[in-house]
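Student: Spelled out, the chains give:
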Amino acid sequence: MEKNTVLSLRGLVKQFDNVTILDGIDLDIRQGEVAVIIGPSGCGKSTLLRCINALEPVQGGEILLEGEPVAAGGKNLPRIRQKIGMVFQSYDLFPHLTVMDNITLSPRKVQKRSREDAEQEARELLARVGLSDKEKSYPRELSGGQKQRVAIVRMLIMHPEILLFDEVTAALDPEMVREVLDVMLDLAAQGRTMLIVTHEMNFARAVADRVIFMDEGRIVEEGAPDDLFDHPKTERAGAFLNMFTFESVRA
Amino acid sequence: MQALGLDVLFKGKNFLRLLGGLGVALKISLISVALSIPLGILLGILMTRKNRVLRAILRLYLETLRIMPQMVLLFLVFFGTTRALGWDLDGETASVIVFTLWGTAEMSDLVRGALISIPKHQFESAEALGLTKAQMHLYIILPQAVRRLVPLSINLITRMIKTTSLVLMIGVVEVIKVAQQIIEANRMVSPNGAFGMYLTVFLLYFISCFPISLLAGKLEKSFRE
Numbered sequence: 001m002e003k004n005t006v007l008s009l010r011g012l013v014k015q016f017d018n019v020t021i022l023d024g025i026d027l028d029i030r031q032g033e034v035a036v037i038i039g040p041s042g043c044g045k046s047t048l049l050r051c052i053n054a055l056e057p058v059q060g061g062e063i064l065l066e067g068e069p070v071a072a073g074g075k076n077l078p079r080i081r082q083k084i085g086m087v088f089q090s091y092d093l094f095p096h097l098t099v100m101d102n103i104t105l106s107p108r109k110v111q112k113r114s115r116e117d118a119e120q121e122a123r124e125l126l127a128r129v130g131l132s133d134k135e136k137s138y139p140r141e142l143s144g145g146q147k148q149r150v151a152i153v154r155m156l157i158m159h160p161e162i163l164l165f166d167e168v169t170a171a172l173d174p175e176m177v178r179e180v181l182d183v184m185l186d187l188a189a190q191g192r193t194m195l196i197v198t199h200e201m202n203f204a205r206a207v208a209d210r211v212i213f214m215d216e217g218r219i220v221e222e223g224a225p226d227d228l229f230d231h232p233k234t235e236r237a238g239a240f241l242n243m244f245t246f247e248s249v250r251a
Numbered sequence: 001m002q003a004l005g006l007d008v009l010f011k012g013k014n015f016l017r018l019l020g021g022l023g024v025a026l027k028i029s030l031i032s033v034a035l036s037i038p039l040g041i042l043l044g045i046l047m048t049r050k051n052r053v054l055r056a057i058l059r060l061y062l063e064t065l066r067i068m069p070q071m072v073l074l075f076l077v078f079f080g081t082t083r084a085l086g087w088d089l090d091g092e093t094a095s096v097i098v099f100t101l102w103g104t105a106e107m108s109d110l111v112r113g114a115l116i117s118i119p120k121h122q123f124e125s126a127e128a129l130g131l132t133k134a135q136m137h138l139y140i141i142l143p144q145a146v147r148r149l150v151p152l153s154i155n156l157i158t159r160m161i162k163t164t165s166l167v168l169m170i171g172v173v174e175v176i177k178v179a180q181q182i183i184e185a186n187r188m189v190s191p192n193g194a195f196g197m198y199l200t201v202f203l204l205y206f207i208s209c210f211p212i213s214l215l216a217g218k219l220e221k222s223f224r225e
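These protein sequence lines map, in sequence, to chains A and B. Going by the numbering used here, 39 is the number at position 39 of the first sequence; the sequence numbering is gapless. Going by the numbering used here, 148 is the number at position 148 of the second sequence; the sequence numbering is gapless.
Take these hints with a grain of salt, some might be off.
[Stated by the list, open to error] Below, a list of computed lysine-lysine pairs in the DSSO-like style, where the Cα atoms sit at most 27 Å apart: (1) A:83 to A:109; (2) B:162 to B:120; (3) A:83 to B:133; (4) B:120 to A:112; (5) A:109 to B:27; (6) B:177 to B:11; (7) A:109 to A:134; (8) B:133 to B:13; (9) B:27 to B:120; (10) A:112 to A:134; (11) A:136 to B:11; (12) B:120 to A:134; (13) B:13 to B:162; (14) B:50 to B:162; (15) B:27 to A:136; (16) A:75 to A:109; (17) B:162 to B:27; (18) A:109 to A:136; (19) B:162 to A:109; (20) A:75 to B:221; (21) B:27 to A:75; (22) B:218 to B:133; (23) B:120 to A:83; (24) B:177 to B:162; (25) B:50 to B:27; (26) B:133 to B:50; (27) A:112 to A:75; (28) B:133 to A:75; (29) B:162 to A:112; (30) B:11 to A:134; (31) B:177 to A:136; (32) A:136 to A:112; (33) B:133 to B:120.
By construction, these hints were calculated from the structure, which means they are not laboratory data.
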């Protein structure tokens, strides 16, 4: 393992009722790297992210975060999870709490930070994503894009070592996708370590240091975005990427 | 007044005695409610655990307590334990035990229902933020479950208050028993006393339970906003 590796997966195997979802995944994510996972529905990319955060138990292989094993049911799990930020497709803000309380709950209760300290940082982060005026709102008063930006802030305030994004724009109306992707581009520019699952190919190309193509539970191909998008080496990656381009119907 | 048999009410200390009886009924039900709610929350959380053995035991407990008429339970605890275990329980203690056992069972099912109605993602995003299981329940799951629970559990509380009318069967002198005693004592002078006294008992139960129902409606409305 290289010294600046944040996340390391070794031979990860995940099965649901004897159906193999992840079939031996090896992956290293370096400090500051933005890796984007693409692939057809059901290829296991979302499951991979969920396994990294131990939301799904794995049947084989290991997950190391800064050299420490991440395992479902482990005693240190809540502590290790603080280092792994995750944003979900369905935002999953806590509906009974205001935006401010959604964001400050975990720093206050998990990291035992003072309310003043947590709220001050929350305000800075909210300003950064353009939601300064929403701190007293409840999630139901926000649009999808606003909710997702709050969810990102809620993750960032924990100062995670790696950020996982699981199709975070898939549930959004098209006009709200951009505002969320802009926040993610900003995070990438700050040098954050990110692992992103997305169907937004243009975004993947713009944000990624490395693109990983998965199919049927395996990593089929990986490489720099320009190489993989323009000159895929494998037939499967080529066929998948082809689905996102349209030939003109007029000759 | 004579025709309705309400005159009996104002003879001597009759009305105060009735209120005393109501006090006994309310004392039994409120102690039982105070015990049933935390115990029910605990069992309800346990019922959502994956452990099959634990779930089966709790299910059996719930179904047994629910199927058995409360009166049978009262007899079982009051008379049964005396014979079988040699316990000398007084009627009120036996009643509190029975109503707590029953209330806990009903409450646990309400809690379980409220918990499983909370989307899986709420648990996952709480976990992903590094909250421990206890913190997740305390700050995320229970507050949401409580909002769904309040109207249902208030309904349970009024049911428990009403069902305490059975405890007279094991010799507890609660409001209905007092009413019966007053009716018996005045059978000759006020033959219509039965109507007046039971009407009063009805009103006393109504006055006890109606504000609770109103509160439930209010809370439900305020949570929705």
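Student: So which of those numbered hints doesn't the model satisfy?
Tutor: Of the numbered hints, 2, 5, 8, 9, 11, 14, 15, 19, 20, 21, 22, 25, 29, 30, 31 do not hold.
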